[in-house]
Structures are given as C-alpha cells and as structure tokens.
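Asker: Chains A, B, C, D, E and F supply the protein sequences, listed in that same order.
The first sequence begins at 135 in the working numbering and counts up by one.
The second sequence begins at 135 in the working numbering and counts up by one.
The third sequence begins at 135 in the working numbering and counts up by one.
The fourth sequence begins at 135 in the working numbering and counts up by one.
The fifth sequence begins at 135 in the working numbering and counts up by one.
The sixth sequence begins at 135 in the working numbering and counts up by one.
Any given hint could turn out to be false.
Pairs involving identical chains hold if they fit within one copy or between any two copies, as the list cannot separate such chains.
Cut-off 20 Å, straight-line C-alpha distance, at most; resulting in silico cross-link-like pairs (EDC-like, lysine to aspartate or glutamate) [stated by the list, open to error]:
| # | residue 1 | residue 2 |
| --- | --- | --- |
| 1 | Lys457 | Asp344 |
| 2 | Lys360 | Glu288 |
| 3 | Lys346 | Glu386 |
| 4 | Lys457 | Glu319 |
| 5 | Lys457 | Glu347 |
| 6 | Lys136 | Glu315 |
Note that these hints are calculated values from the structure, not bench results.
Protein chains: 6
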Amino acid sequence: MKKVITLGEVMMRLSPPAHQRFLQATYLELEFGGSEANVGAALANWGTQALHLSAFPSHELGQAAIASLRRMGINTEFCYSLAGRLGTYFLEKGALHRSSKIIYDREGSSFSKLSIENVDWEKLLEGADWLHWSGISPAISQSAADLTRKAVQEANKRGIKVSGDLNYRSNLWQYGKQVHEIMPEIMENTHLMIAGKRDFEQCLNKSFQDFKEASTFAFQQFKQLKWISHTNRNTYSASHNTISARLFTLSESFRSKSYDLNPIIDRVGTGDAYAAGLIYGLLHLSPQEAIDFAMASGALKHSVPGDQLLCSLEEVQEVMSGKSGKIKR
Amino acid sequence: MKKVITLGEVMMRLSPPAHQRFLQATYLELEFGGSEANVGAALANWGTQALHLSAFPSHELGQAAIASLRRMGINTEFCYSLAGRLGTYFLEKGALHRSSKIIYDREGSSFSKLSIENVDWEKLLEGADWLHWSGISPAISQSAADLTRKAVQEANKRGIKVSGDLNYRSNLWQYGKQVHEIMPEIMENTHLMIAGKRDFEQCLNKSFQDFKEASTFAFQQFKQLKWISHTNRNTYSASHNTISARLFTLSESFRSKSYDLNPIIDRVGTGDAYAAGLIYGLLHLSPQEAIDFAMASGALKHSVPGDQLLCSLEEVQEVMSGKSGKIKR
Amino acid sequence: MKKVITLGEVMMRLSPPAHQRFLQATYLELEFGGSEANVGAALANWGTQALHLSAFPSHELGQAAIASLRRMGINTEFCYSLAGRLGTYFLEKGALHRSSKIIYDREGSSFSKLSIENVDWEKLLEGADWLHWSGISPAISQSAADLTRKAVQEANKRGIKVSGDLNYRSNLWQYGKQVHEIMPEIMENTHLMIAGKRDFEQCLNKSFQDFKEASTFAFQQFKQLKWISHTNRNTYSASHNTISARLFTLSESFRSKSYDLNPIIDRVGTGDAYAAGLIYGLLHLSPQEAIDFAMASGALKHSVPGDQLLCSLEEVQEVMSGKSGKIKR
Amino acid sequence: MKKVITLGEVMMRLSPPAHQRFLQATYLELEFGGSEANVGAALANWGTQALHLSAFPSHELGQAAIASLRRMGINTEFCYSLAGRLGTYFLEKGALHRSSKIIYDREGSSFSKLSIENVDWEKLLEGADWLHWSGISPAISQSAADLTRKAVQEANKRGIKVSGDLNYRSNLWQYGKQVHEIMPEIMENTHLMIAGKRDFEQCLNKSFQDFKEASTFAFQQFKQLKWISHTNRNTYSASHNTISARLFTLSESFRSKSYDLNPIIDRVGTGDAYAAGLIYGLLHLSPQEAIDFAMASGALKHSVPGDQLLCSLEEVQEVMSGKSGKIKR
Amino acid sequence: MKKVITLGEVMMRLSPPAHQRFLQATYLELEFGGSEANVGAALANWGTQALHLSAFPSHELGQAAIASLRRMGINTEFCYSLAGRLGTYFLEKGALHRSSKIIYDREGSSFSKLSIENVDWEKLLEGADWLHWSGISPAISQSAADLTRKAVQEANKRGIKVSGDLNYRSNLWQYGKQVHEIMPEIMENTHLMIAGKRDFEQCLNKSFQDFKEASTFAFQQFKQLKWISHTNRNTYSASHNTISARLFTLSESFRSKSYDLNPIIDRVGTGDAYAAGLIYGLLHLSPQEAIDFAMASGALKHSVPGDQLLCSLEEVQEVMSGKSGKIKR
Amino acid sequence: MKKVITLGEVMMRLSPPAHQRFLQATYLELEFGGSEANVGAALANWGTQALHLSAFPSHELGQAAIASLRRMGINTEFCYSLAGRLGTYFLEKGALHRSSKIIYDREGSSFSKLSIENVDWEKLLEGADWLHWSGISPAISQSAADLTRKAVQEANKRGIKVSGDLNYRSNLWQYGKQVHEIMPEIMENTHLMIAGKRDFEQCLNKSFQDFKEASTFAFQQFKQLKWISHTNRNTYSASHNTISARLFTLSESFRSKSYDLNPIIDRVGTGDAYAAGLIYGLLHLSPQEAIDFAMASGALKHSVPGDQLLCSLEEVQEVMSGKSGKIKR
C-alpha cells in the first residue's frame, strides 16, 4: 500500500443547484474541495494511503471540512486548527454557450497562515512514497510558498517522489511576490510536472515557441525532472468538450486516447482526477498505462458531481478498456 | 441610458422539477414570466431602463409577481392592481423525443381587464425610446387589444420606436374577434416586426407563397415598417435544436451564424431573449451586429432556467465572439 | 377495451438524485417498479385494462407499492398481502463514461413466496386477452417458477395470448434450479418471445451460431410461438445510446427505425416500455406498425424518469410520426 | 364492507414549503383535495368502499387529480372528464400568531359544470349505505346545487343514509342564489348534519339564541334528521389549538374528550377527518364510541400533512385509547 | 407616504435547512439580510418609502443582494458597488435546549469601506422623515463609524428624526477604537434609542444600577433624546420564549402585552421587526399604540423564516387585536 | 484521551422528510445509525477515541455506512466487509397524537454473520478503557450473541470497564434462543447496566415487584456490577415528552433534573446519547455530575436530526448549566 502526501488549501464550495444562475439561487449546495486534497481523495478510493497537510479554522465549518476529508478516507492527522477564515469558492455551473463561473473568496484563510513551524516534518513524511503540490499554494501567501518549498525539500531528502501541478492563476499572487521569484526553487525538487506552455512561461519568466521547446528547456533546467504531462482540451461549449493527454520523459512520449464529453456533469476537479491517475499510474504501471489510466480518471470525473473523483479502481479500468456505459447489475 | 416600455400579461409559471411529467410531480417550481416582460428583464440586465405596463390581482401571488419584476430591475410603477385572476401556465419540460407541454390557465386575468382609462399615457411614455408589444396581448381580450392599439398610437405620436412580436397563437383569440380584424391597425404603428410567413398570413388574412413575398407585402403595406426579423429553428428533438436568425430592411438582409444547442436547459423565453437582443442592437449597434447580438442572446437563453435571460452584456458579447464555454475564474 | 394480465415482483426503487453517486447521497428518490408491472402501467395509459398479479408485505411500504400501481391505473385486486420483505433495488444513474449501477436487495420477498394456491385462477383470467411474464419471476424461487408455469398453462387453456420477456439474468437463479430446467416448459405456452441469442442459449442450454439460428430453432421447437422480437442497442456511453428493433414471424421480418438518444434521462424500464408497445401493437395494429409503435414506446421511455412509461397513445404516435420535439401548447 | 358515496369538487392544492410565505416561495407543494373526497379517502383507509362523484378537465393535471384519488383507494368510475378548469387553492400555512391563508382560484371549474344528466344515478347508488355532501357544492353553481339536491333525493328513495357538512362560506354563493333559497331542500333529505349555530342561521335565514335553539328547531323542521354534530375549537394561535366535539340526537347528547394540539402540522381537512370518523362511527359503533372515534380522527389529522387523514383504523383507535405517542417498532 | 432612510451592511445569510447542524448540511439556504435593511423591508411592506444606504461588491452575489432589497420594495439607488467582499453570516437554527449559532465572516466587506465621500448626502436625505442606524455599523470600521456619525448629523440639520438600535456586540469593535469613544457623538443626534442597561453602560463607559438609572442619565445627557425603548425576553429554550416591550419618554412609560412563542420559526430579525414597528408607530400612532404595534411586529416575526418581517399592515394589526390564528380564506 | 470500544450493527436509516407518512413519501432521507455506534459518535465529539466493531457488505452502500462513521470521527479499522445485506430501518417521524413508526428490515445482515474468528481481539482491545454493548446484538443471531459474550469476557480479562444497554426488544430474538438463555452470561461481565424493571425481568426470566427489587437482585447476582441507570420518560404525545434519569450504586442513588421537550425534533438515539453521556461521566466526573451530564446529553439529542448526538462537550455543559437557548454569536 503506497502512501501519498498532499498539501494545500481546502475550501468550502457553494454552488447553485442544477443550472441555476447565482441570481436565481435560494440555496447553495455545500461541499468541500481543493486541488491537492482532491488528488488525495481519488487516490484513497484506489487503496492508496492518502494524508493531507492543511489548516482550518476551529469553528463548525472548519470541522465539517475536515470531516469531509475523513469521510473520503484521507488521513487528517496533519489538518491543523489555526486562526483565520475558511476559504470559499462560489461555483455557477454553465451549460451550452454559457460559461461556468467561479467567484473566489479565500483571502485570510487559515491555510494561508500555516507555517513551516506548525508541522512535524519527520512524522508527516514517515514512510511516504509520493508528495503532491500545486501552483495554487505558493500563490496564496509567503507562508504557504515557504511551506511548499520546505515540503518538497524535505521529501527529496528522504527519496520521496514529488509531483506538482503548476496551474498558474493570474488572479492569485497578490502577496507581493511574482510567480517566477518563487516557483523555480520548488520545481527543482519536483519529479513530475503537470504543465502546459503557458505555465512554464509564467513560472520561468521566459517565452517559448511551443510546448516542445518549453519541455525541453525544463528537462535541461531541472535535473530531478523525470516526467512532464498535460491534457489537451477542446471546448465546444460548457456542455461539450473533448480531452486527451500526453506524457513525456526526456526521451519518450505517450499519448492517451481522446474522450468525447457531452453533456458534462461537473467540470471542476477533472485536472485533479487526472493528476491522481498519473500519480497512481507512475507508482504502479508502465508509462503508456499510466497516461491511459490518468486520462480515464480525468474523463470519468466529468460525470461525477463535486470536486472529487469518487470512483473505484475497477471503474477507472472499465473506462480505460472502453467498455463502460451499460447498466451494471 | 435608453428607456424601453413593454406591455403585456405576466403569468405564474408552474413547472415540475427536472424532467418529471405532470403526473409525477409532488411540487411545482414557481416563477413568473410573460413574453413582453421577459424582453424587459433582458434589457434591464444590459443597463437599459425597462418599464412594464400590466395589471395584477391584489393578493399575495399578484404581489409576488410584481416583486419578481422589481427584483429583475424592471420599473413596476405601471403595474396596476385590478380585479381578476393571476394568469397561470403549467410547463412540463420535454427531453429527447418527448415534447415540452404547456397547459394555459389564463382566462379572466387582471391583465385581460386592464383598459385604456387605467393608464396615464403621458407619464408612462415620458422619455421613452422604444415600446414593445406582442401578438399575445390583442388575442386575450377586447380590452387588451384596445390597450395595445392605444399604446402604439401614443408611442408614434411621440416619435418612440415600436417593435411587435406577431406571435400568432390559434388557441387564443376567444373573445369574438379574429386576428385580422385587430392586428393591421396595430402593425401600422410598428417599426420592427418579428414574424414569419404564417404570422403575416394570419394577421393579414392573406396567403403568401413564401416569406419573401410576405415581407415585401408588409414593407409596402406598412409605411412605418423598417425592419422584419425572424429565427429559423431545426428541432431534432426536445433536447437538440439548431437556430439562426435573419434581419431584413426594405433593401438589405443580414444573417446570424447558427447555434447548435444540446442539451437544451430551458426552451421557453428564447424568442423573447432574441427580441430583447434585437431591440438592444437596433438602439446601439449596426444591423449586422444587431442580428448577431440578438441571436447570441436567444441562443444563450437556452442555457438559463426560467422565462428570462439573466445575463450581462459581457456574457452575450462573449457568446457573439464564439469564445464562451471555459470556466471563468 | 382489451384486458392484459401481468405477473411479477414489484420492488421499491431507491435512487440518489440527479447524477449523485451512492457515496454522496443524503436522500434517495423513492419509486416502485418491476418489469412486468411496468408493462401493465404503459398499457393502462393507452386505455388497456391492466391487472397485475403479485404479493406484498402488509406494512406501510407494501401498501404504498400497491397504491402506486393503483395510481397508474392498474387493477390491484390480485395483489396479495403475504409475509416477507418488500424487494428493493438501489439505482445509481450513470452519465458519460460512468455506467449506471444497480444493487439488488430482493431476497425473501413476499412475491417469492406467492404460490399457485394463493390465486383464484378462474377469476384472475376471466375476460383476459393477453398474459405477460418475464424471465425474472421463474429465477426468483421455485414458488414463483411454479406460479409462472401455472399462469401460462391456464392462459393457454382459455385461448389467451401469452408473451414472455426471457431476460436471462445470471445473478438470479439462486434457489437450486438452473434456467434450462425451468424455462422450456414456460416457453411452450408462449406466443411472443422477447429474446436475443444469449437468452435462447441460456434458456435452452444450447449454443447457436447467430440469432437467426436461435430463432429458427425456437419456431421449430415451440409450436405455439408466433413472434420473436428484440432490440439492438449501441452503447456509446451511459448518456448516449442508439436503439432499433426487429420483429420476426416464421416467415417474415420487420424492422423499426433507429433512435438516437442523448442525453438519456432514465434507461431503466425502456425494455418494458418496448414490450408494452409490442403487446399493444400486436393486439391492435399490423406487424410493421406494431414494431414501429413498440420502438417509439421504448425510445420515448428514455426521456421519462422512473420505471414506467407514463405517456399517452397520442404521445407515442407523435414519436412514431417523427414529429415530436416542439413545445405543445 | 360498507359503501359510501361522496360528491364534490377536488382541487389542486398548491402550498409553499414549511412555513414560507407566498412571497418567499420558489416552489409550491402540489397535492389534491376537496372536503368530500377527503372524507372518502379517510373511509377508504378504514376498509370502507368509497366512491367519489365529480368532474375534471381532461388535461394532465385533471388526470393527476383522478390518479391521486385512485391511489388513496377511492373508486373513480364516476369522475367525469368535462370542459372547464381544475379548481385551485393556494395555502400558506401559518405559525404562532400568523394565521394560515387560503387564496381560492376555483371559478369555472369542470365540477361547477357537472349536471344531473351526466350521471347514471342508478349505477352510482347501487349497493350504497351512505351518501355525504357538503355546503360547498351548492354554493358553487346552480348546476352543482341541482346535482346535490338530486343526489340526496335519489339516496333517500333507496334508503341510503345521508350526511351533510353545512359548512357555510360567505365568499362562495356568487351565482345569483342565496344560501337559504337552496339549502333547506337539501337538508330535508339529510340524516346527519354537521353544523354550528351560524350554519343553521345562514342556511335557514333565521336567528337563534344559541346552538341549542338552532338544533331543536332543526330536529323539528327536518323529519329525517337523526343526528347533529359539531366541534368546538379554541384557537390560541395558528400553532396551538384545543378541540372537542359533541353529538346530539333528538333526545340525547354525547361529548368527546378534548385534545391539546401544539404544534399543529396541517390544519386543513381536520373537519373532513372528523366527518369521516362520524360516518364510520354511526355505521359501526355506538353514539358515544362514534363521537370518540370521530374526534380522535379529527385530532389525528392535525399531525398529517396534506388534505387527507391517511391513517389506519388501528391508529385512530390508539388515539381514542389515549395510548399513542411512543415509537412503534 | 413617509420616507425612511436606513444605513448598514447587508450580508449573505447561509443556513442549514430545518434543524440540521452545520456538520450535517449538504446545502445552505441563501438569503440576504442586515439589521437596518431588515427595518427598511418591514416598513416598505407597510407602505413606507424605504431607502437603504450601503455598499456591495460588483460580482453576481453582490448584485443578488441588491436585487433582494429591490424585491422587498426598498429603493436601492444608494447601494454602491465598491471593492471588497460580501459579508456573510452562517446561521444554525437551534431547537429545544440547543442554542442557535451564528458564525460571522464579514471582515473586509465592501460596506466596511464605504466612506462619507461616496455619498451624495443632499440627494439621499431629500424629503426624508426618519433615519435609522444600529450600533453594528460604527463597530465595523472607522469608515463606517464616520459614515454613521455624518448621517445622523446631516439628518439633524434637516429636521429628520433619527433612531438608533444601540445593539452592543463585543466581538465586533476590532478596528482599534472602543465603543465609548465613538458612540456618544452619534447618540447625541438620535431621538429614539432602542437599548437596555448593558448597551448604555458599554456605549457610555459607565455603570448603572438598573435600567431606570441608565435611561434617566441618557435623557439628561442627550438633549435630543425623546424616546427609549427595549424588549424583555424570557428564554425557556431555543424553541420557547416570551417577549414584551416598554417605551419611555422623559415623563411617561408604556408597556405592551406579552407574547408566548412556541415553537419559534425564526428568531433572527425579531428585534429589527420591533424597531420597524416602533418607527412606524411613532410616525403614525399614539405612544401606547406605537409600542403595541411594535411588539406585535416583533412577535409576528418569530413566525416568518428569513431576516425580514414580510407582513402587511393588516396582519400586524390583526395580531395587535389578539384575533389572529384562524385560517383566513 | 480515553479509548472506548463499541460493538453492534449499523443500519441504513431511511425516513420520509418532515412529518410525511410513508404513503406520501417520494424520497427518503438517508442516514446511517445503530445504537452502539451512536454512543461512539457522541463520545468522539467529546474528544474520546472511539472504535467500532462491526461488519458491512462490500458494496457501495456498505462503504457509505463505514464512511459515515469515519466522518463522525470513529475509528473504522475493525469494520469488516462480509457477505450479507446492509440492515435497514424505515423511520416515520410522528407528531402530536400520531406515534413514530419503525419498520425493521435487518434480517441476513453482514453484522449478523460476524463471528469471533473474524476479530483480532488483542489488537482491538489494546489500550481500551471501556467497552459498550447493547441488548440488540445478542438478539440478532447466535453469532452476534457469541461475539458479544466473547467481547465482554476479553474486556474483563484486561480490566476494561464494560457497559450494557439491556434494551429488550421482543420482536427480535428470532434465531431460536430466548433472551434469558443468553443474557446472564453477558451481564456477568458488565459494570454498568442501563435497564428498567422490564429489562431485568426479561433478561433474568424472573418477576420483580418494582425497579428497586430488580436492581437489588442484580447487584447481588452480578458481582462486577457497579452502576445501574435508567431514564423516566413521560410521553404526552409524539411531540411532547418530559424526561429525567437516575443512577444507582449498591449504596447510593443520584437523580438528574427533568427536561421538558416540545416539540421534539428527533426522538431516535436519545437513549444512546444518554448512554454516551453516562460513559463519559463515569470516566471523568463524579456520579452526580455523571448523571447530570448524561441526561443533558440525552435531552439535547431530542433537538438533533438523525441518530447521533453531534454536539460538543461545551454544548452539553451549557445545557447542564441551564443557560442554553439564546443565540450564540
């Protein structure tokens, strides 16, 4: 049984039901999610030991967030209670030609105040096989950036593999640092990067002609780096997308099949399901199987409401095999 | 800031949830809507000053109907309290090969009793740029027909542009008059007609070979008439339609792109969103931009539950530009 | 007015709302359904006198199941109260590449204990034109197998036509008998079989090269047999299927058009709607019309939530005619 | 098994959920009910054969109303399809010092158009033991008044007992007749009257000093009259009432115990449950037991949402015995 | 028609349904409310012209908050769009011995950033009869304290009556000032104070032996002060309270009757309903009638879900008269 | 931090919403609960380490049951996956004079098949301070009776305190043994018995004149027995109860105050909350404080929907102190 550590903020997700607009809502569906914990949740479903490092306010909603992780089988021993708010995001699910909308309300969260000193690193990383971070954490606060850097360094010291979903978001990075001042040091300690051309450009403050140039540069720059991966999504409408993925090593590249998705049930967290699939795949499978498993996970997530891929290993494998869709009795 | 007057009945809309049939419903979703007020609501979202002329019973459901207009930013100063019922329509949303169904229950409504004498025309039309009516009002009662005729005449006196959605419905017109006895006089004072071949035939009691002949006749017959427009819809199923639109002047014609719509969230009010888009476009844009904006509005409405297009100017423009569909953070 | 008898178990159907997974559900939608009673419900909507033979526990949920049949217009005079449980099935509706899932929990049901002696056969079959059974009943218990055999024998004695939906399910047949020990005797008294190659193979314990060989064999083997029919379904995903149907007599074959179904609202009971359509068709229409009516029924069911096709004759005919999909006012 | 005929209008009941005001509602709970059919429903639960005479529009909502009666075990053979609307009432449930509110919207209903000629009286009354009417029917239309008068006359011819809940409502009686022009003829053929002092005064156009004088007069005036009964309700608030009942014959009087009711779940239909209990009691029990059973029924109804008392004989008897309230496992 | 200005923050209210705990919630009911706007909403229901001064973020949830005020008939011309968050409060409704809980999450709201310079005071106060503030606003930020002080000064210059609900809350006042440094200057310009002994002690930084001493001191200290009022609540449990009120002038005192409240539907906003009733009463009625009307308003609010008293003048008067509770048809 | 082991069945709880009857339900609220796990859940809220021993089917609903325990903070390491069903109970919540109803459907559950051999007793009991069982387990199957006996014996060997809620239920005990053949051996190893006179009579097959005689006998008979406790409940109606509790040692007795409960939100699990409070109290407090804490827990549970008391230590203490009921901000 492999052990994977994830670190990142968990937010309250508040969403009008069905296809209602914010203006029409009389109630909001309540869930909890966050990019990295979503990765942990998918892995926990597949029999991996998942442990999440984060911080929450001590009030009932903070407790509910932790309870939701526990319910999904995530070890919450390192979910600290700290002063601050519970970050929130409001999600309006789009349809047809109407885009989905997210209003973030996450300033001043407890997670943004979590510091290196709060964590018992030795105990946290004991027996771990993998550590996963995303580019959202270093964008939130200096403290969270420090925490992420420390985590990848400590992981490397212990021979733990590290993955990072670069995921550059321009509307974060409000605390005074720019992305390229922070990210390279974290990337240095990362073995798997999930990133596209634009992510590399922003994180490295450098222009690339195409993804190939960017990935070549990254493999040269970061000696630890073994894998780069990203998905290609065509967005015909908010309801209809197609998606496929690629995985690169220094010398090889692998490609998944493409999935046609219509009508999409929930678009959020599909990248996290993909990342989880990739981690699972690289821990247990060949590269080609890994990218196939990852993309099947990511495709499957489009059918599951909420932030997390709540699907078993068998269900992902069934999608991989192209045999899903019939009623299973 | 332009000012647009709409006049017409507002009904209670009662609808089984999701795809339930009437026979299965244990509750009905409650909203309020009416063709012309729907036009006003869309315009109010776009920064237009919208004012609706109508009548409602004084009881709590009548008050709720007025409150719903107010919420959408419509000026309800000319929403009168009169004896009578609150007209109701029951909507069962179809899916796949099952058609949507509407049961109307609107006889004896307060609106059907609203008369010319109830209205302070001077105050109503003060500062107005546009007046919009539909063919439903003159079909409801003699009183409502008189009201519509009076409104367009008063508008014309003051140089206010007038649009009419002819929208012939054979199951209305129960009060003893035939459509062609009433409509020509109203059409005479109308600058923009939203109408197809069949609408012209019924309103004018005359056969035409095709839409072209009908529109040519209309331009000759009605000297005020500047624009004729209509949409073309292909109905593959209740879930899947395509739609495009055309706009004609005496000398020119303009065509929007076609939108593929699957799965449709709410088909009702899409014509009203289109009409609102056209009014907005003809007030602010070139003819080609107007038909593009109008059809983007109409297409977008298929994704919004309820009678009204609750979308901002930016959202319609995004659809026009063909760039919608991604998550907006 | 034709009279059709159906016999079989009615279960409680418990289903997470919308596209939720079992793990996410905080409530379950409650309905009642069972293959044969579903057939009766559809027929009752079309003006047929439908009577269902079954058994239920006497507690409130058993009463609710009977009341649900009564609501759908089924005569419940032969719905007995017996010791035992109310069989239950839990349905998770799939979407996209995620399959639908059914968890059955039907052991020890009152229906499984219904015996030949409980039934007044004379009164039950009085004036009946048709009797319908499915392969699920003989798979549940020896008692239910005996009941089915007795029913078809008694029907034949009285010149009542008999249809059977062979519907072989490997996870039933737990009571010690194998399918081929039981089914042939029941098939002998059946005039219409709804079955594919695999159904014939299992029921007759015999391999066939293709459907044609199987159906030829069946026509030879069973002298009463007049019609064989089955549907062909392509499952692109849980959301998207296409479906068509065929009907065979000894000398002729008939084919329906194919329906494209996306997005599917409720896949359960579509075979029962098809069977009901076939029974109706063979009672009132020509063979070609029958298979057209049957497939229109089956296609239409994909749009109706729940187990039963709650649609009128006119609605099925509208689908047959290819003219459905517009709003009906 | 006794057979009881009820006659009257069945309406759609639309109600905001929980304690919401009409102004807050985004959906309305949908049920069907009507004073006399409510009586039939309670009786059907107790093993009585209940048959309801009424008329409904032929559309889906009319069909749903009939289906709801069928579900409750009422024979709907004499529920006719006629032109007209489905009468509706909107119910806002009060709480504490806020009164419950009903908005009636029942003009032009199919029931108001049901005439003597529509009914096969011989077949309707065959084998009946009791006929129940209420003062609402004669107040709706001349046609409904004639129907009620005809029904009680035909019942009397056949020796069928007749009960009437006088239930005077001043906001009905809009069709040109006054209550005292119509009611005496109907009362003449009635054996059990549920009525208070004010009901007698209005129906007979006569002042009485107190209930005693009124009832004495009624016993003298109407030779068929055997029983008079009414409840006494103290309304401390919309949430808290107490209630007891009395039953009078020419020579005796009987009194139930008083029930303390807080918090009331649903106040509507409690009088109908009481009437049903009285009919059941007078058909099967002694007068004292009858009034006890009736008041237990009426009290119990305050705990059941909707118009009808959906409770078994055993449940009413448990309340009569004063032993209810514990969890029954 | 009187015109009343209210000023204060409007928050999103998110609340688990029925009696669920935060830990159990899968959705939260969404409403908008704030002490002072709640006062305005009640007054608008009674035919008063209500205008609210506040600020909101420009995103969809801010727009929804403004729309909710508009729906309730409040003039929102002075609801500004400013940077910042939409303040939120999470409400868990208690029951029996379990207290209700509120989690505030209102730091950094747009309202807290609204400054004197944002407001056109001349236009705001034109034609106003009354201005209402509460002690929450000066507790939020220096800017909001300045705004409140400016508002009462400007009101006084124009002879507009001013009321203030002192409402001291210890967990606010985080911006560096203490309550007694800010409040006296605002109180100086206030004619009606809703306050108890503790409010006076905190605001004036002074101990009093009892309410009488406090109010005597206040009448001496503040020359404009004409009325002091407060309610007395006995809290037997979260479900069961009793409440009454008193009104004092320099020379007289008035007392309302006491209301017994069980079970309470919604406790929030009952003080605001009371304040609204008092303002209405002092504008239109005698002092005794005013306190009676005010307490009837406050009592009635316990029965209405949400923050606002959505009741008509007639409904409050009915409660005052002690005649409420029966079904109104 | 104390560690408490609980053992017993966890069932799916399916319940019509609000006060609906089973016959009215269109959906059922889904939760999970069981007497002993409910005890563990309350203890987990109070910072106790709770571990539950049970068995579940491996399908998604079994997984959901385990996840629900995990969410409440219960250690589920000893929740085994075994063949069998997930036991279910259907709960209809009563009101006023209508009793609550439970339909059990628990035969053949996985728990009923859990055997001594499945459990690693050494690991289970390591470091435990307390073990709790109830009389339901030994009533389900021979296997579950053996398991319970083994558990209390193993606990005693290790000096772990044992509590048992005798909870005799006549409709269980279907597997061939009588209660008095099984229980004495389990009671011998129990230090705290929650039991009334009838429980002792049934378990010991012996008549007692009153509770005193029964408890005296028990203290004599069972040498390990240190405490006996029970609650006294007066059931005025399903909505209104009063409750108090007593605790006895060989030489002393303690009495809690009485709580008045109206209207009750959820009656189920109140005995379990009381038992949890008693265990917590006897582990941390004096006997008088223990019975006070226990009854406060039990009273508080009446306000919380679902099976478990989801309340913090502070909330119970607030109830104990008599100061609860106000809004906590």
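Asker: Each hint should be assessed against the structure and marked as holding or not.
Answerer: Now for the hints, and whether the structure bears them out:
no.: 1; hint: Lys457 <-> Asp344; verdict: neither (35 Å within a copy, 22 Å between copies)
no.: 2; hint: Lys360 <-> Glu288; verdict: within (19 Å within a copy, 53 Å between copies)
no.: 3; hint: Lys346 <-> Glu386; verdict: within (12 Å within a copy, 50 Å between copies)
no.: 4; hint: Lys457 <-> Glu319; verdict: neither (43 Å within a copy, 35 Å between copies)
no.: 5; hint: Lys457 <-> Glu347; verdict: neither (37 Å within a copy, 27 Å between copies)
no.: 6; hint: Lys136 <-> Glu315; verdict: neither (33 Å within a copy, 48 Å between copies)
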